[in-house]
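**Student:** For reference, the chains in residue letters:
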Amino acid sequence: MDQQALKRRVVQAALQHIEEGIVLGLGSGSTVLCFIEVLKESGKRFKRIVSSSEETTRALQAAGYEISDFHALAAMDVYVDSASEIDPQKCLIKGGGDGLMEEKLFAAMAGTFLCIADSSKKVDVLGGVPVAVEAVPMARHYVARELIKLGGEPRWREGVVTTNGNEILDVDSLDIHDPSALEQTLNSIAGVVTTGIFARECADRVVMIDPDGEITVW
Amino acid sequence: MDQQELKKRVANAALQHIEEDIVLGVGSGSTVLCFVEALKASGMRFKEVVSSSEETTRALQAAGYPVSDLNAVGEVDIYVDGADEIDPNKCLIKGGGAALTREKILAAAAVNFVCIADRSKVVACLGRFPLPVEVIPMARSYVARELVKLGGEPRWREGVVTDNGNWILDVHYLKISDPVALEAAINGIAGVVTVGIFSKERADLVLISEADGAIRVW
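Chains A and B are the protein sequences, given in the same order.
When we follow our numbering, the leftmost residue of the first sequence carries the number -17, and every step to the right adds one.
When we follow our numbering, the leftmost residue of the second sequence carries the number 266, and every step to the right adds one.
Where hints are given, some of them may not hold.
Computed list of lysine to aspartate or glutamate pairs in DMTMM-like fashion (alpha-carbon distance at most 25 Å, straight line) [what the hints assert, rightly or not]:
id, chain 1, residue 1, chain 2, residue 2
1, A, 104, A, 196
2, B, 465, A, 135
3, B, 465, A, 157
4, A, 131, B, 334
5, B, 386, B, 477
6, B, 465, A, 19
7, B, 414, A, 59
8, B, 465, B, 340
9, A, 29, A, 19
10, A, 131, A, 154
11, A, 131, B, 342
12, B, 386, B, 443
13, B, 312, B, 475
14, A, 131, B, 469
15, A, 131, B, 340
16, B, 355, B, 475
17, A, 22, A, 59
18, A, 103, A, -16
19, B, 305, B, 352
20, B, 465, B, 435
21, A, 72, A, 1
22, A, 104, A, 140
23, A, 104, A, 160
24, B, 465, B, 477
25, B, 414, A, 186
26, B, 386, B, 334
Just the calculated beta-carbon pair ranges, DEER-fashion [to be verified]:
id, chain 1, residue 1, chain 2, residue 2, range
27, A, 27, B, 389, 53 to 63 Å
28, B, 282, A, 36, 45 to 55 Å
29, B, 326, A, 138, 25 to 35 Å
Note that these hints are calculated values from the structure, not bench results.
Note that the structure is a prediction, hence the values are computed from the model and not measured.
Where is the CB? At the ideal position from N, CA and C, for every residue including glycine.
Please build the complete structure, drawing on both the sequences and the hints.
**Tutor:** If you want it as structure tokens, here you go:
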């Protein structure tokens, strides 16, 4: 089965876990765009839909969905997104994009965070991909030095400014055997706004597809 | 002695705890503006001077001190700043002036943090002063709900935008018997940029001007 066919199959499986009439939040990336296509074909309607990125918003609007203002939202029922890595406790490394803060906020607000992925994203221990750390511009060097003390190798994603006006450091070589502890440590560094480790806001349900097209839900 | 005179006294006393040719960090607020005046009068010169707010930068420049970017400076030798509350362990509440993020970054980047205040700022337990929490604008409602769960009563400091483009929630009625734990808990809330508890970045040296103008150092 080719990549695109696998993607369609896994988002179709994910859609079965989503009821009509709820408040739905959508993340970003190619899996989410595929999810929107399948959503449109399904004809499912929702009370409200909110989006974590411009790209997702455009795709939803093109599919005929009206986007709600996130600020007006008191609660979110389900948040659908993908991840770069998933560990057995459903802790994640996400993103990399400039909408990291929005994604973490959605994950924090949602009653259920449903994560869609192919089986290559499943790992025993997180850390095969860099961890994005969003920092206040003035703190960039200080934060980088603190990350080095933690054993990390930070690289400044030069030229990138997040939607909140901050900068991103991509950090390799961090020891992530205890994602919750590391997330807390990173959040406590002065100048850090958010991180790509989603431990406190881990996924509640994972819908995963292997190369043969077999779906696992856990 | 009136409060302005007490601020001047303690600002002057701080000069004895700094040396020329160091990298000096300067905080914000009315006591710090007195300190900038005292600096100017002293004629002391420094290797670099970094500042925690636009207001302080303007005052420093007017006093003849060029202001450097923290990213270009690296470590700060001594950081001088005031506080809204100081407990016996030198833990602080800061942020009444909305500059808490940059203040915390400088306190963190500094080898020594010298805190200057008049007697009215000394408390047995932090929390009578409403705790400032800087948040990403889109996260305001979510963070406020989480702060309510922690027992606080957050109020939006409406109309105030920080130097980083964020908003401030002032949290009333928190009893901060364990500043370290509460600082970590609030830092873990998605959308929080900085919490005004300085326990990880507490003061190293505190200078207090007593009612009679005497300076107490601890």
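**Student:** Does residue 342(B) sit within 25 Å of residue 131(A), going by the straight-line distance between their CA atoms?
**Tutor:** Holds - the C-alpha atoms of residue 342(B) and residue 131(A) are around 19 Å apart, at most 25 Å.
**Student:** Sort out whether residue 59(A) lies within 25 Å of residue 414(B), counting only the CA atoms.
**Tutor:** It holds: about 19 Å lies between the C-alpha atoms, which stays within 25 Å.
**Student:** For the pair we were handed, residue 131(A) and residue 334(B), check the Cα-Cα distance against 25 Å.
**Tutor:** holds, 22 Å
**Student:** Going straight from one Cα to the other, do residue 103(A) and residue -16(A) come out at no more than 25 Å?
**Tutor:** holds, 17 Å
**Student:** Can you let me know if the beta-carbon spacing of residue 27(A) and residue 389(B) is within 53 to 63 Å?
**Tutor:** Holds, since residue 27(A) and residue 389(B) (Cβ atoms, about 57 Å apart) stay within the stated range.
**Student:** Do the alpha carbons of residue 465(B) and residue 477(B) lie within 25 Å of each other, as the hint requires?
**Tutor:** With a Cα-Cα distance of about 32 Å, the restraint between residue 465(B) and residue 477(B) is violated, given a limit of 25 Å.
**Student:** Between the alpha carbons of residue 465(B) and residue 435(B), is the straight-line distance 25 Å or under?
**Tutor:** Holds, at roughly 20 Å.
**Student:** CA of residue 312(B) to CA of residue 475(B), is that 25 Å or under?
**Tutor:** violated, 32 Å
**Student:** Quick check: does the Cβ-Cβ distance between residue 326(B) and residue 138(A) fall within 25 to 35 Å?
**Tutor:** holds, 28 Å
**Student:** Does the Cβ pair residue 282(B), residue 36(A) satisfy 45 to 55 Å?
**Tutor:** Between residue 282(B) and residue 36(A), where Cβ atoms are some 50 Å apart, the hint holds.
**Student:** Within 25 Å, alpha carbon to alpha carbon, are residue 465(B) and residue 157(A)?
**Tutor:** Cα-Cα ~22 Å, so holds.
**Student:** Taking 25 Å as the top limit, are the C-alpha atoms of residue 386(B) and residue 443(B) close enough?
**Tutor:** Holds. Residue 386(B) to residue 443(B) sits at ~18 Å (cutoff 25 Å).
Of the numbered hints given earlier, the model fails hints 6, 13, 19, 22, 24, 26; all others are met.
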